[in-house]
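Q: Residue numbers (this note's numbering), protein chains in the order written: chain A, 1 to 269; chain B, 1001 to 1158.
It should be emphasised that the hints constitute simulated quantities derived from the structure, not laboratory data. Note that the structure is predicted; figures quoted are calculated from it, not measured. Wrong hints could be hidden among the right ones.
As the list claims (entries may be wrong) - Estimated spans, in silico, between C-beta atoms of each pair: (1) A/Ser-195 with B/Arg-1135: 40 to 50 Å; (2) A/Ala-45 with B/Leu-1084: 50 to 60 Å; (3) B/Lys-1151 with A/Ala-155: 49 to 59 Å; (4) B/Val-1013 with A/Tyr-249: 47 to 57 Å; (5) B/Lys-1080 with A/Gly-98: 28 to 38 Å; (6) A/Ser-153 with B/Lys-1083: 48 to 58 Å; (7) B/Leu-1084 with A/Lys-231: 57 to 67 Å; (8) A/Ala-155 with B/Gly-1070: 29 to 39 Å; (9) B/Cys-1040 with A/Glu-58: 27 to 37 Å; (10) B/Val-1013 with A/Ser-183: 26 to 36 Å; (11) B/His-1095 with A/Asp-146: 54 to 64 Å.
What the hints assert, rightly or not - Here are a few chain A residues that sit away from chain B, every Cβ distance over 10 Å (derived from the structure): (12) Lys-28; (13) His-107; (14) Asp-248.
For each residue, glycine too, the CB sits at the ideal point set by N, CA and C.
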Amino acid sequence: MITYPFTYKRAKSLAEAESALKASPDAKLLAGGQTLVATMKQRLASPATLIDIARLGELRFVKVDGGNLVIGAGTPHHTVTTSADVRKAIPALAELAGMIGDPAVRHMGTLGGSIANNDPAADYPAAVLGLGASVVTMRRTIAADDFFQGMFSTALEEDEIIKQVSFPIPEKAAYAKFPNPASRFALVGVFIAKSSAGVRVAVTGAGPGVFRVPGMEQALAKSFTPDAVAKISVASDTLNSDIHASADYRAHLVTVMAKRAVKAALERK
Amino acid sequence: MPTLNLTVNGKKVSADVEERTLLVYFLREHLRLTGTHIGCDTSQCGACVVHVDGRAVKSCSLFAAQVDGGEVVTIEGLAKDGKLHPVQEAFRDNHGLQCGFCTPGMIMTAVDMIRRKPELDRDTIRHELEGNICRCTGYHNIVSAIEDAAKRMAGGAR
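Assemble the whole structure, with the sequences as input and the hints as a guide.
A: Rendered as structure tokens:
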């Protein structure tokens, strides 16, 4: 499959990428390209210019900064899943990154690319929302609760570039995913994190975008056990229904995955 | 048309290609390295796996321009001095292929897998093969071949 023609530019710095993006309205940033290239091949996207930011060292790092784990937007999933810092600070995040796609996809795909795309069945949005992370761009910091705005839609401006994501390190967290066996996207994925600020429950795959489940959060704040969420279900009327699963089945899976996530968080040493 | 400069199987290559040329087409049609296969062309099947800068990637899912200045190894680059790579030997000895279409991608994935995880059990091998589809073998002998290759390479056959 061949894409429409485009002009390719490799940015030498983040500043250069930003000015190139401002200068060409039909440009798109290219990081790992694991969604964008496939979309262009199907001719569902036809950017006039691709600005390649994949090799920018400024975007590829993992560091612990006080109570936060900070990951550069250009960091590939493989780096996140194998990072000793991530495994120590937020093992649930390392595990989640290791469940995305397959090894070859994880070598290319990036954190920033995943959340900027905001596929309703992507894994990273669940971690970013579930951990109450902050998305840091070239011009501002956006709270996860404001960042994700439904299917393939985010708070990012057209020419705004994500620099890094700052994840508050929780007391306990886990991600339970029911993957579509063919695509390995989440049919339903539930990320649960417990910290001094309370409990957050974020669900991906089930609805038109990642969302929180306040009923489960309140129940888990009182009692952080699988039983606390066993009888709480989400309404299926706003959930996705397709050839892979009905809305009712997805609603059922949300409760099952939430129980598994709590259990996994409790079993973590 | 931009000029690309990269290293493919240890040889410097320079070529003028359209920006939209995918790496797999560059390898197959410009360099005539047809060992890298196009299966699904949607990054599901893994027949097109090659190594870029030492990591396994799906060459149908990146543009050749993204690899400019980098180093690519394809299935043609594994054998050295007429001697098969230990993973290739292991696939032959364990009957790890039938029609052979998926084999180049399987082998490139296996080499990358063994490099990252020298100690492999069968479950890990199956998980690591999630991005490579074979329609003939049922995977059993592919898993055996990779397990065998990992053992041989641990013995220094690398």
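Q: Is the gap between the beta carbons of B/Lys-1151 and A/Ala-155 within 49 to 59 Å?
A: holds, 51 Å
Q: Between A/Ala-45 and B/Leu-1084, does the beta-carbon spacing fit 50 to 60 Å?
A: violated, 41 Å
Q: Does 40 to 50 Å hold as the CB distance between A/Ser-195 and B/Arg-1135, or does it fail?
A: Between A/Ser-195 and B/Arg-1135, where Cβ atoms are some 47 Å apart, the hint holds.
Q: Tell me if the beta carbons of A/Ser-153 and B/Lys-1083 are separated by a distance inside 48 to 58 Å.
A: The hint (48 to 58 Å, Cβ to Cβ) holds, given that A/Ser-153 and B/Lys-1083 are roughly 54 Å apart.
Q: Indicate whether the distance between the beta carbons of B/Lys-1080 and A/Gly-98 respects the range 28 to 38 Å.
A: Since B/Lys-1080 and A/Gly-98 have Cβ atoms about 32 Å apart, the given range 28 to 38 Å holds.
Q: Does the beta carbon distance between B/Cys-1040 and A/Glu-58 stay inside 27 to 37 Å, or does it fall outside?
A: holds, 34 Å
Q: Does the no-contact call for A/His-107 survive, Cβ to all of chain B over 10 Å?
A: violated, 4 Å
Q: Just tell me: holds or violated, for the beta carbon distance of B/Val-1013 and A/Ser-183 against 26 to 36 Å?
A: holds, 34 Å
Q: B/His-1095 and A/Asp-146, beta-carbon distance inside 54 to 64 Å?
A: Once the Cβ atoms are compared, 56 Å apart, the range 54 to 64 Å for A/Asp-146 and B/His-1095 holds.
Q: If I claimed the Cβ atoms of B/Val-1013 and A/Tyr-249 lie 47 to 57 Å apart, would that claim hold in this structure?
A: Holds: the Cβ-Cβ distance is about 51 Å, inside 47 to 57 Å.
Q: Within 29 to 39 Å: is that where the Cβ-Cβ distance between A/Ala-155 and B/Gly-1070 falls?
A: With Cβ atoms ~34 Å apart, the hint holds.
Q: Is the Cβ of A/Asp-248 more than 10 Å away from each Cβ in chain B?
A: holds, 28 Å
When the structure is compared with the earlier hints, violations turn up for hints 2, 13 and for no others.
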